[in-house]
Amino acid sequence: MLELPGVTLCCIDTAHPELALRALRRSASLVRFARTLLLTDATAAIPGIDVRPIASLASRDEYSRFVLKQLLRYIETDHVLLVQWDGYVVHPDAWRDDFLACDYLGAKWFWHDASQNVGNGGFSLRSRKLLQALQDERIRLSGAEDETICRVFRPLLEKEHGVRFGSETLADAFAFEAAYPVRPTFGFHGLFNFCRVMADEELAGLVPLFTAEIARSPQLLQLGRNCVALGQWRAAEAIFRCILDADPRHAEAATRLSAAARHTAAGPRVGRNDPCPCGSGKRYKHCHGASSASSQATDAPEQRLSAAIALHRGGADDDKATAESIYREILDADPGNATARHFLGVLHYQRGEIAAALPLLESAAAARPGEAEFHNNLGLALAAADRDAEAVARYRSALALRPDHALAWNNLGLALQAQNLVHEAIDAYRRALAIDPAFARARWNLSLALLLDRQFAEGWLEYDARLALPELGRNRHLLPGTLWDGSALARRTLLVTVEQGLGDALQFARYAAALAAAGVRCLIRCSSALAPLLETVPGVAGVSLESEPLPRYDAYVPLLSLPRILGTGPDTIPASVPYITIAEEHRAAARAVFARKPPGRRIGLRWAGNPAYANDRNRSMTFSAVAPLVGVEGTAWFSLQDGEAAKQLAPQVSDRVVPLPAGTPLVDTAALVAELDLIVTSDTAIAHLAGALAKPVWVIVPFAPDWRWELGRDDSPWYPTMRLFRPPRPRDFASAVAQIRRELERVGAP
Numbered sequence: 080m081l082e083l084p085g086v087t088l089c090c091i092d093t094a095h096p097e098l099a100l101r102a103l104r105r106s107a108s109l110v111r112f113a114r115t116l117l118l119t120d121a122t123a124a125i126p127g128i129d130v131r132p133i134a135s136l137a138s139r140d141e142y143s144r145f146v147l148k149q150l151l152r153y154i155e156t157d158h159v160l161l162v163q164w165d166g167y168v169v170h171p172d173a174w175r176d177d178f179l180a181c182d183y184l185g186a187k188w189f190w191h192d193a194s195q196n197v198g199n200g201g202f203s204l205r206s207r208k209l210l211q212a213l214q215d216e217r218i219r220l221s222g223a224e225d226e227t228i229c230r231v232f233r234p235l236l237e238k239e240h241g242v243r244f245g246s247e248t249l250a251d252a253f254a255f256e257a258a259y260p261v262r263p264t265f266g267f268h269g270l271f272n273f274c275r276v277m278a279d280e281e282l283a284g285l286v287p288l289f290t291a292e293i294a295r296s297p298q299l300l301q302l303g304r305n306c307v308a309l310g311q312w313r314a315a316e317a318i319f320r321c322i323l324d325a326d327p328r329h330a331e332a333a334t335r336l337s338a339a340a341r342h343t344a345a346g347p348r349v350g351r352n353d354p355c356p357c358g359s360g361k362r363y364k365h366c367h368g369a370s371s372a373s374s375q376a377t378d379a380p381e382q383r384l385s386a387a388i389a390l391h392r393g394g395a396d397d398d399k400a401t402a403e404s405i406y407r408e409i410l411d412a413d414p415g416n417a418t419a420r421h422f423l424g425v426l427h428y429q430r431g432e433i434a435a436a437l438p439l440l441e442s443a444a445a446a447r448p449g450e451a452e453f454h455n456n457l458g459l460a461l462a463a464a465d466r467d468a469e470a471v472a473r474y475r476s477a478l479a480l481r482p483d484h485a486l487a488w489n490n491l492g493l494a495l496q497a498q499n500l501v502h503e504a505i506d507a508y509r510r511a512l513a514i515d516p517a518f519a520r521a522r523w524n525l526s527l528a529l530l531l532d533r534q535f536a537e538g539w540l541e542y543d544a545r546l547a548l549p550e551l552g553r554n555r556h557l558l559p560g561t562l563w564d565g566s567a568l569a570r571r572t573l574l575v576t577v578e579q580g581l582g583d584a585l586q587f588a589r590y591a592a593a594l595a596a597a598g599v600r601c602l603i604r605c606s607s608a609l610a611p612l613l614e615t616v617p618g619v620a621g622v623s624l625e626s627e628p629l630p631r632y633d634a635y636v637p638l639l640s641l642p643r644i645l646g647t648g649p650d651t652i653p654a655s656v657p658y659i660t661i662a663e664e665h666r667a668a669a670r671a672v673f674a675r676k677p678p679g680r681r682i683g684l685r686w687a688g689n690p691a692y693a694n695d696r697n698r699s700m701t702f703s704a705v706a707p708l709v710g711v712e713g714t715a716w717f718s719l720q721d722g723e724a725a726k727q728l729a730p731q732v733s734d735r736v737v738p739l740p741a742g743t744p745l746v747d748t749a750a751l752v753a754e755l756d757l758i759v760t761s762d763t764a765i766a767h768l769a770g771a772l773a774k775p776v777w778v779i780v781p782f783a784p785d786w787r788w789e790l791g792r793d794d795s796p797w798y799p800t801m802r803l804f805r806p807p808r809p810r811d812f813a814s815a816v817a818q819i820r821r822e823l824e825r826v827g828a829p
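Its first residue numbered 80, the sequence shown is counted upward by one per residue in my numbering.
A few of these clues could be false.
To be verified - Quick list of simulated restraints, FRET-style, between CB atoms:
{"hint": "1", "residue 1": "D756", "residue 2": "A472", "range": "39 to 49 Å"}
{"hint": "2", "residue 1": "E216", "residue 2": "E292", "range": "29 to 39 Å"}
{"hint": "3", "residue 1": "T651", "residue 2": "D695", "range": "46 to 56 Å"}
{"hint": "4", "residue 1": "G742", "residue 2": "P677", "range": "24 to 34 Å"}
{"hint": "5", "residue 1": "D734", "residue 2": "D756", "range": "12 to 22 Å"}
Bear in mind the hints are in silico, worked out from the structure with no lab data behind them. The beta carbon of each residue, even a glycine, is placed where N, CA and C say it ideally should be.
All chains, please: the whole structure from these sequences, using the hints.
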């Protein structure tokens, strides 16, 4: 028997005590721990288990706060194996002593980036050192407790407390949750995985212990589906009956129960090498098994399909390629297999192959109209094809089947907002968050919709959800020391960290003036490209380059949190311009460029932004789309375009458009902007730069605009010199360009 004298086995549970006891006993039957501990609101004595009373935990947040701040007082060993009722030890021989070199180890989250994808907390090994570090008052619950530890506050725990998180290799050997392992692991987590670790009869017998809350959970529904895929018919029948007891109108459960009951009534499955139940004395494969080979063959695709889906969800490119091969193999034999068609369509969608994805997803949803996820995923593909009204209909179909589908509510909000139905979108995001309050992406989307609707007070508050999203620099702005909350900081140093894109840094740097007016010494930490511009902003005492060590400071704050802290409302936007200046030597160099062109209006042109931006297709154009402007009489055109899009300048217009030299530093581009008469752009970074320099700038904004451009106006409260041009339809850039040309011809010199 495996001996772990330095590890306490612990479960915290006040909602499912019988199931929690079962998980503890299963683990303790395979491993001798220093102590087996149950923290619950029950007080009964249980042989072999140390039961300690705690107050009832009524929510996930209460559980998470307990783990973060109170578990320490109950743990005396160097490590604790923290399990939940749906996770326990399954393979003690998979134990590795180097697990104990970690302060935190849990199964991988395959949906997160590789730098921070180890951390599932439902079956996790944690050191006492970690539990002590979590008492740091700066560490507060942000989402689930495992996300709080392993993602939100991981940099702080590593840098200041020396906490060591397990590697992917160790995580793969330690436990599995969302992705089924390729080799045995020490343990697992997840109700939907019960079919992987227990036999059909055992699982069927466990179902009566499930509460009504469990019966309504998507995890139990997925477990039922998995049981079907693995041919565990008795368990499947019990599970779908349990779901229907809690929700008699559950269409999928009713359909699947009927199929499971038919299989159960047909009798127990017999192995091909077992004696045939007919009593002939022959092996089953040589008797009745020979005549039922076709029925066995029909089970094999289900198992292969289940394996393919597990590989697909694993996320690795090689695994997805294998999954695709299996999907196609199954469809070759059974073209009507809706599940294989659906997941093959999902693969195409994930690769951006929308034309290939749509017919697969549409036919699968038609064949399985009661499958909510089929409608949701079809909605995603329709939205990617700019068929937003149809996407809305599909999301509503998914929600009619599963009203608790938080992801579908969020997706519905996005599709509504893409049609500028902002109030309906806000309602959809709120519905998603009512179901899953820790859904950071829905909270971020809600913030953008609220700001677009000029609901600034709540919008700025929810806007902090950006700091939990990986694509917006999750944890990058978590620094040592005090995160500023707006408290008095006169005559002390505040380090302001820039975030997101260049445009955001240029737009919000203006808040340094308000900080300085309050007596704060403001340092801005930014890239070397931005430094020559931001150091000229009033109120900026100095610039700290991101490539250099951190300077001394008394507190820090992410730049885009300043509007919330300083209470910016629709009528209090600080819009005094210019607030960026360009050194004379740079401006002189820009004027030398202009000297080579004949007199006339000097107009700068930029038609494309950062292609990595998620919504770039609704913002960036090709040069051919803006080429009609170049024909306006009496104008000299200067390209402000860099990157690959700069190569679109055709040789035949070289005499009419002066190209921007490759590799031009941002400060020199800014000098050109400062010397131009007008800037026309669809790229928001140049728009913010021109606005901050108080230069006339005409911006082509998307049909469904970013929050800062608001709806239904042709000016900007952030920049007095800005004018907005709005396409009447998504990506109808031609209409916006035609309007700009008419205006250039009408107004003459701006």
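| query | CB of D734 to CB of D756, is that within 12 to 22 Å? | reply | Taking Cβ atoms as reference, D734 and D756 lie about 20 Å apart, which means the hint holds.
| Given a hinted range of 24 to 34 Å, is it respected by the beta-carbon distance of G742 and P677? | holds (27 Å)
| request: Starting from the range 29 to 39 Å, see whether the pair E216 and E292 falls in it by beta-carbon distance. | output: holds (33 Å)
| query | Within 46 to 56 Å or not, the Cβ separation of T651 and D695? | reply | violated (32 Å)
| message | I want to verify a distance hint. Is the separation of the beta carbons of D756 and A472 within 39 to 49 Å? | response | Distance hint for D756, A472 holds at roughly 48 Å.
In the structure shown, a violation is registered for the earlier hint numbered 3 alone.
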